[in-house]
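Let the sequences and hints guide you as you build the complete structure.
2 protein chains.
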Amino acid sequence: MTPERYTKLNQVLDCRQPDLTLLTDQVHKPRNIAALIRNCDAVGIQQMHAVTPAVSHRPFNGTARGSQQWVDLIMHDSVENGVISLQHQGFKVVAAHWSSRSINYTDWDYTQPTALLLGAERMGVSTRGADLADAHVIVPMVGMVASLNVSVAAGIILQEAQRQRAVKGMYEYCRLEELERSRIFFRWAYP
Amino acid sequence: MTPERYTKLNQVLDCRQPDLTLLTDQVHKPRNIAALIRNCDAVGIQQMHAVTPAVSHRPFNGTARGSQQWVDLIMHDSVENGVISLQHQGFKVVAAHWSSRSINYTDWDYTQPTALLLGAERMGVSTRGADLADAHVIVPMVGMVASLNVSVAAGIILQEAQRQRAVKGMYEYCRLEELERSRIFFRWAYP
Ligand SMILES: C[S@@+](CC[C@H](N)C(=O)[O-])C[C@H]1O[C@@H](n2cnc3c(N)ncnc32)[C@H](O)[C@@H]1O
Ligand SMILES: C[S@@+](CC[C@H](N)C(=O)[O-])C[C@H]1O[C@@H](n2cnc3c(N)ncnc32)[C@H](O)[C@@H]1O
Numbered sequence: 001m002t003p004e005r006y007t008k009l010n011q012v013l014d015c016r017q018p019d020l021t022l023l024t025d026q027v028h029k030p031r032n033i034a035a036l037i038r039n040c041d042a043v044g045i046q047q048m049h050a051v052t053p054a055v056s057h058r059p060f061n062g063t064a065r066g067s068q069q070w071v072d073l074i075m076h077d078s079v080e081n082g083v084i085s086l087q088h089q090g091f092k093v094v095a096a097h098w099s100s101r102s103i104n105y106t107d108w109d110y111t112q113p114t115a116l117l118l119g120a121e122r123m124g125v126s127t128r129g130a131d132l133a134d135a136h137v138i139v140p141m142v143g144m145v146a147s148l149n150v151s152v153a154a155g156i157i158l159q160e161a162q163r164q165r166a167v168k169g170m171y172e173y174c175r176l177e178e179l180e181r182s183r184i185f186f187r188w189a190y191p
Numbered sequence: 001m002t003p004e005r006y007t008k009l010n011q012v013l014d015c016r017q018p019d020l021t022l023l024t025d026q027v028h029k030p031r032n033i034a035a036l037i038r039n040c041d042a043v044g045i046q047q048m049h050a051v052t053p054a055v056s057h058r059p060f061n062g063t064a065r066g067s068q069q070w071v072d073l074i075m076h077d078s079v080e081n082g083v084i085s086l087q088h089q090g091f092k093v094v095a096a097h098w099s100s101r102s103i104n105y106t107d108w109d110y111t112q113p114t115a116l117l118l119g120a121e122r123m124g125v126s127t128r129g130a131d132l133a134d135a136h137v138i139v140p141m142v143g144m145v146a147s148l149n150v151s152v153a154a155g156i157i158l159q160e161a162q163r164q165r166a167v168k169g170m171y172e173y174c175r176l177e178e179l180e181r182s183r184i185f186f187r188w189a190y191p
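Protein chains in written order, with the numbering used here: chain R, 1 to 191; chain G, 1 to 191.
Don't take each hint at face value.
Because identical chains share one entry, a pair is satisfied inside a single copy or across any pair of copies.
Here are the simulated SDA-like cross-link-like pairs (lysine to any residue), alpha carbons at most 25 Å apart as the crow flies [claimed, not checked]:
| # | residue 1 | residue 2 |
| --- | --- | --- |
| 1 | 168 | 144 |
| 2 | 168 | 106 |
| 3 | 8 | 104 |
| 4 | 92 | 19 |
| 5 | 8 | 18 |
| 6 | 168 | 104 |
| 7 | 8 | 102 |
| 8 | 8 | 123 |
| 9 | 168 | 103 |
| 10 | 92 | 107 |
| 11 | 8 | 121 |
| 12 | 8 | 99 |
| 13 | 29 | 68 |
| 14 | 8 | 72 |
| 15 | 8 | 101 |
| 16 | 8 | 124 |
| 17 | 8 | 140 |
| 18 | 8 | 142 |
| 19 | 29 | 144 |
| 20 | 29 | 120 |
| 21 | 29 | 136 |
| 22 | 168 | 138 |
Note that these hints are calculated values from the structure, not bench results.
Given below as structure tokens:
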């Protein structure tokens, strides 16, 4: 491994945010999953969650630009199991979803442990997922079309999470546990 | 036309921002163009610009969700012609591009007439496009992968433009010229 590569892996690990994640509710288009994984990598999410039936981990097209090797994908067999298991781990689950209780996405405090729940192109977030979520957020839109592409919506919301966390200095020290950090480093360095 | 439809068309027209636009530099994947058009519609961009060889306007897949009927696509035969014609119309051209003169995307004032220049998946913004641009902006990233999907990057930057313009009250009154506004209304109402 070159010294540059060694430095890069360490820098990226020092920015990973174990208390920020994303959960997809039946998003099954591979290119959407791939773009979401790429978004996760960009803001420092190490583990992404998906409700099956989702695509298998491998047959992604170019959209991921190899990001699937840097982000772990964890599968759940129902949105209920996904949401509840994250809540048990201390996450607030925030659905990107329109409802009477929706707030503007900038009004959520993403420096608390947050899992962003996203819906599929046609169906959106399921009723069950929306009911279980701790909050609903929306990105304001002023056009004719009713929604954004799921990876664009996720990118916008995660960028706000990153901004808030940067302000709080959460990218300035390693936030992974020692053991977890070395396990990931080893996996990345010697695949 | 139902009264609801009539109201909706008028509300959307009253939010259109004639002094905000987007220019693609050889982005040719139809689904990326489609997602970019959808982003434009969402923040109130009425005219989007593309440098050919770009895809023709029609064969878009589902990603646009019909947004191509609400946003006009204007073609240019080179990035040079595209950038210079926009600059002649008074736009500052801001390239989403890494260089020694890049600034954080939140540090640009998008309430001035702004055209966002975006590059293709592999090539990025061309050297010629980058040289001609008035400024370069980047969305900060902390992961292993070097870039975001083009529609995600555009969505994040345009959302910041929308936020700044909302703060300035630029969505609170109709910003299209009378004649232009009725031409578009007519086209939308009686296609
Ligand atoms: C294409 S949208 C789904 C639209 C679906 N037909 C509906 O009405 O819910 C896919 C997912 O992207 C997210 N999304 C898209 N646009 C959004 C916005 N403006 N605000 C928040 N989330 C959005 C939501 O999670 C949504 O379920
Ligand atoms: C996939 S990227 C191109 C990457 C290309 N290999 C390069 O190095 O420029 C496609 C386009 O999306 C935009 N883009 C992607 N990520 C960006 C970021 N973090 N900041 C600003 N623009 C970005 C740029 O306009 C870029 O040309």
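Q | Homo-oligomer pair classification [residue 144, residue 168; C-alpha up to 25 Å] | A | between (37 Å within a copy, 22 Å between copies)
Q: Have a look at residue 29 and residue 68 and pick one of within, between, both or neither, based on CA distance no larger than 25 Å.
A: both (15 Å within a copy, 21 Å between copies)
Q | Within, between, both or neither: residue 8, residue 142 at alpha-carbon 25 Å | A | between (40 Å within a copy, 10 Å between copies)
Q | Identical-chain pair category, residue 92 with residue 19, by Cα at 25 Å | A | So residue 92 and residue 19 pass the 25 Å test inside one copy only (10 Å; across, 39 Å).
**Q.** Intra/inter-copy verdict for residue 8 and residue 140 if alpha-carbon distance must be at most 25 Å
**A.** The answer is between: 15 Å across copies meets 25 Å, while 36 Å in one copy does not.
**Q.** Alpha-carbon proximity context of residue 168 and residue 104, limit 25 Å
**A.** both (20 Å within a copy, 18 Å between copies)
Q: If the cutoff is 25 Å on CA atoms, where do residue 8 and residue 124 land: within, between, both or neither? Let me know, please.
A: between (37 Å within a copy, 22 Å between copies)
Q) Can you tell me if residue 168 and residue 103 fall within 25 Å by alpha carbon in one copy, between copies, both or neither? A) The answer is both: 22 Å in one copy and 21 Å across copies each meet 25 Å.
Q) Given a CA cutoff of 25 Å, do residue 8 and residue 101 count as a within-copy pair, a between-copy pair, both, or neither? A) Between copies, since 23 Å is at most 25 Å while 42 Å is not.
Q | 25 Å Cα threshold - placement of residue 107 relative to residue 92 | A | The answer is within: 14 Å in one copy meets 25 Å, while 31 Å across copies does not.
Q) Given a CA cutoff of 25 Å, do residue 8 and residue 102 count as a within-copy pair, a between-copy pair, both, or neither? A) Between copies, since 21 Å is at most 25 Å while 39 Å is not.
Q: Can you give me the call for residue 168 and residue 138, within, between, both or neither, at a CA distance of at most 25 Å?
A: both (23 Å within a copy, 21 Å between copies)
The structure fails none of the hints (numbered hints given earlier).
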